[in-house]
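There are 2 protein chains.
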Amino acid sequence: MKVMDELAQRIESDERLAITYRLTISDGRSPEDHARDLAVEQSVEIPFECIPDEITDRGIVGRVESIAPVPNQEKVFEVVISYRSDNTAFSVPQFINVIYGNISMKRDITVTGLDLPPLLLEAFGGPTFGIEGIRAITGVFKRPLACTALKPIGLSLKKLASMAADYARGGLDLLKEDHAMADLAYHPFAERIARCQEAIMRENASSGHNMLYFPMISGGFDEIEKQAEIVKSNGCKGVLIAPFLIGADLIRVLSRRHNLIVMTHPAMTGAYYCDPSHGITMEVLMGTIFRVIGADISIFPNAGGRFSYTAQECRNVGEALRRPLGKLKPAFPCPAGGMTLDRMAAMAENFGSETVLLIGGGLMQQSSDLAKSAATFMEAIEQHFEN
Amino acid sequence: MKVMDELAQRIESDERLAITYRLTISDGRSPEDHARDLAVEQSVEIPFECIPDEITDRGIVGRVESIAPVPNQEKVFEVVISYRSDNTAFSVPQFINVIYGNISMKRDITVTGLDLPPLLLEAFGGPTFGIEGIRAITGVFKRPLACTALKPIGLSLKKLASMAADYARGGLDLLKEDHAMADLAYHPFAERIARCQEAIMRENASSGHNMLYFPMISGGFDEIEKQAEIVKSNGCKGVLIAPFLIGADLIRVLSRRHNLIVMTHPAMTGAYYCDPSHGITMEVLMGTIFRVIGADISIFPNAGGRFSYTAQECRNVGEALRRPLGKLKPAFPCPAGGMTLDRMAAMAENFGSETVLLIGGGLMQQSSDLAKSAATFMEAIEQHFEN
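First to last, the protein sequences are chains E and U. Under my numbering, the letters of the first sequence match residues 1493 to 1879, in that order. Under my numbering, the letters of the second sequence match residues 1493 to 1879, in that order.
Only chain E is shown next, with the shape it has when bound in the complex (with noise of 0.2 Å):
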């Protein structure tokens, strides 16, 4: 990219992004070892002795900018290491690899936080949309968004763009596709996503509601910007992506040159934040990493549900997704799997008017009568959050 090519001349070699790990030592070896093995691991990966000064001198290397034991956590120990920002070449798999690429295969080492400079900032771009832009597009300016899953894969095109309707006759906002809907004999890609969206704008016309539907774009790498045309010339306005099975450079090309919402999903994203000893928290990947990538909605599996983080894990990525950061838009949190109706008031304290709500079986669980099911989820909401 041109802007990319422009920004990394702009590049001084002082502009530098920072990572903070925690490190668990049990080899009896240094703090200071490790960090500079860790240092060394995500830049020149060669053996310390062999990097010529050159490479040195020009900051290349990564540099452990410190490292402090963390209080009551015997052997453990916060450690700041800065890398320079062009490392990544301000490509998203590069940014990725800087981050957690080699230590992945580590162990007892997790990346809590990232420190980027504004210029690296600036060439990623966060989110197109945001809160603020899918704000616009909903026209629902202050309580949460409501969401839920089209599913599950098998059911006819008949009876998905039916429960399509349901949804936008009981008043939802979004209606995103499950993730597990690709390109399938029952529900083709093209025949599917025009059947539901015919029915939504029918249904939306007749309701005088307003809700969006996201397709999953699940196809390999020649089929995705053709399903993002299919989606488009439906009208849909947005889609659902796993970046950890398209490709997380797939949010940038949907969202910047396709202009579409980007709903990520975290399909294959657990293994890096289920174990707090090593890996990369929810909060830096599923928010930091995701908003600065360009997920104008992040979706992370929510405590309480079907998945067993901590609230305190949850809200640190909604604050992550939300919290000012260099010129970024702030993107919306989806806390999600197995969310309920009863658990409405948790959310509001959690999480507050500023996300999407996802609700999916939940809503099959409270009536067969799915447009009854989706009204009793927007009442839940007026009872919770201010309208």
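Be careful, since some hints might not be right.
Because identical chains cannot be distinguished in the list, a pair is counted as satisfied if it fits within a single copy or across any two copies.
Said to hold, decoys possible - No farther apart than 20 Å at their CA atoms in a straight line, the calculated lysine to aspartate or glutamate pairs in the DMTMM-like style are these:
{"no.": "1", "residue 1": "1650", "residue 2": "1683"}
{"no.": "2", "residue 1": "1634", "residue 2": "1624"}
{"no.": "3", "residue 1": "1729", "residue 2": "1717"}
{"no.": "4", "residue 1": "1650", "residue 2": "1695"}
{"no.": "5", "residue 1": "1598", "residue 2": "1524"}
{"no.": "6", "residue 1": "1650", "residue 2": "1690"}
{"no.": "7", "residue 1": "1598", "residue 2": "1570"}
{"no.": "8", "residue 1": "1819", "residue 2": "1507"}
{"no.": "9", "residue 1": "1651", "residue 2": "1546"}
{"no.": "10", "residue 1": "1651", "residue 2": "1541"}
{"no.": "11", "residue 1": "1821", "residue 2": "1683"}
{"no.": "12", "residue 1": "1567", "residue 2": "1846"}
{"no.": "13", "residue 1": "1651", "residue 2": "1545"}
For the record, the hints were derived by calculation from the structure and aren't laboratory data.
Let chain E serve as the given structure and place chain U on it in line with the hints.
Same frame as chain E, now just chain U:
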């Protein structure tokens, strides 16, 4: 792909893939309940009682095939669950999603085995070149292939080309780029590939050697195929890619469409196998999955180097890459990460000759005369392997 459409139509509803999991139970619920939840999570993902009969009748829901306690491990069970092959849409992203998408966010579930039926294997097709094809191109038929890495980032084009020529003079078989070697200002992609390949070809011609050079395909979505074209136009026969940075389907694209040998790098994968209690074993991910989706050479972290995996885990990867698997060609294991010449006997014992031996920084440590280090590497291979 038309082939996949035809295959999809041919798939009978009883064509299923089977996944073996190790479950560790700590919540007092029965293994039957856990297994059923898993089967549902990875297929229809709706509350069990809401699953329509038509969906169950078509076998779309994951089916628990067996549950067995693991001997001598309290509360650990081996569970086999089968899924319709076509839930994958015969596409790489959905294949991976079916294997581990949502359960990545759970805890205490490890994918330990994959049993893939013939039509699914045929749909993906495995390596284009594999061991046999690469041996034919290199002209090396018996011994392991010797590989090193071009690094570190930040060196000048002149220096990189000179190092590449040294390695060729020393007689190595393969030179891969470091996975950090992106389109960086010090050595922009197009010039770097051109200069290095030119230097290598000149050296190959004068020495009678035949070193292949695999550039790192590191760009975003739009750069990938442009980089592939540059690689091919310079006469390179293969590439290095990191599937978990740019998207796993790129293995297939670069392999089938661009006819390039694909060497895969494990960046970002470690989180899946670093913890035996939750994830995907290295054997299944870096072995079976990468082979099925087309890797010709799979790099993975070896025991005894910078990463702390067991010899058995690593041998299992070699086994998964090379054992008979439908009509799929065997692929080369490439155990890596801090390998040195004094580990050659262990490498021979653990992996045998059908292996790519990767020694990176170890060659730099051996001698500052890289041609001499490379020659020493070749001698060590001759000493420990049949030629």
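Results for each hint:
1. In the homo-oligomer, the alpha carbons of residue 1650 and residue 1683 lie at most 20 Å apart inside one protomer (10 Å), although the nearest pairing across protomers, at 55 Å, exceeds that limit.
2. Taking the shortest Cα distances, residue 1634 and residue 1624 sit within 20 Å of each other inside one copy (11 Å), while across copies they are farther apart (63 Å).
3. For the identical chains of this complex, residue 1729 and residue 1717 are intra-copy neighbours only, at 15 Å inside a copy versus 28 Å across copies, given an alpha-carbon limit of 20 Å.
4. In this assembly of identical chains, the alpha carbons of residue 1650 and residue 1695 lie at most 20 Å apart only when taken from the same copy (15 Å versus 65 Å across copies).
5. In this assembly of identical chains, residue 1598 and residue 1524 lie within 20 Å of each other by CA distance solely inside one copy; the values are 17 Å within and 34 Å between copies.
6. Proximity of residue 1650 to residue 1690 under the C-alpha cut-off of 20 Å is restricted to the intra-copy arrangement: shortest distance 12 Å within a copy versus 60 Å between copies.
7. With identical chains, the CA atoms of residue 1598 and residue 1570 are at most 20 Å apart within one copy only, with a shortest distance of 17 Å there and 26 Å across copies.
8. Taking identical chains as interchangeable, the C-alpha atoms of residue 1819 and residue 1507 lie at most 20 Å apart only when both belong to the same chain, with a minimum of 17 Å there against 51 Å between chains.
9. Proximity of residue 1651 to residue 1546 under the C-alpha cut-off of 20 Å is restricted to the inter-copy arrangement: shortest distance 12 Å between copies versus 65 Å within a copy.
10. Only between protomers do residue 1651 and residue 1541 lie at most 20 Å apart by alpha-carbon distance; the minimum there is 18 Å, versus 65 Å within a single protomer.
11. Neither within a single protomer nor between protomers do residue 1821 and residue 1683 lie at most 20 Å apart by alpha-carbon distance, with minima of 34 Å and 37 Å respectively.
12. Proximity of residue 1567 to residue 1846 under the C-alpha cut-off of 20 Å is found in neither arrangement, the shortest distances being 39 Å within a copy and 42 Å between copies.
13. Proximity of residue 1651 and residue 1545 under a CA criterion of 20 Å is satisfied inter-copy only: 14 Å between copies versus 66 Å inside one chain copy.
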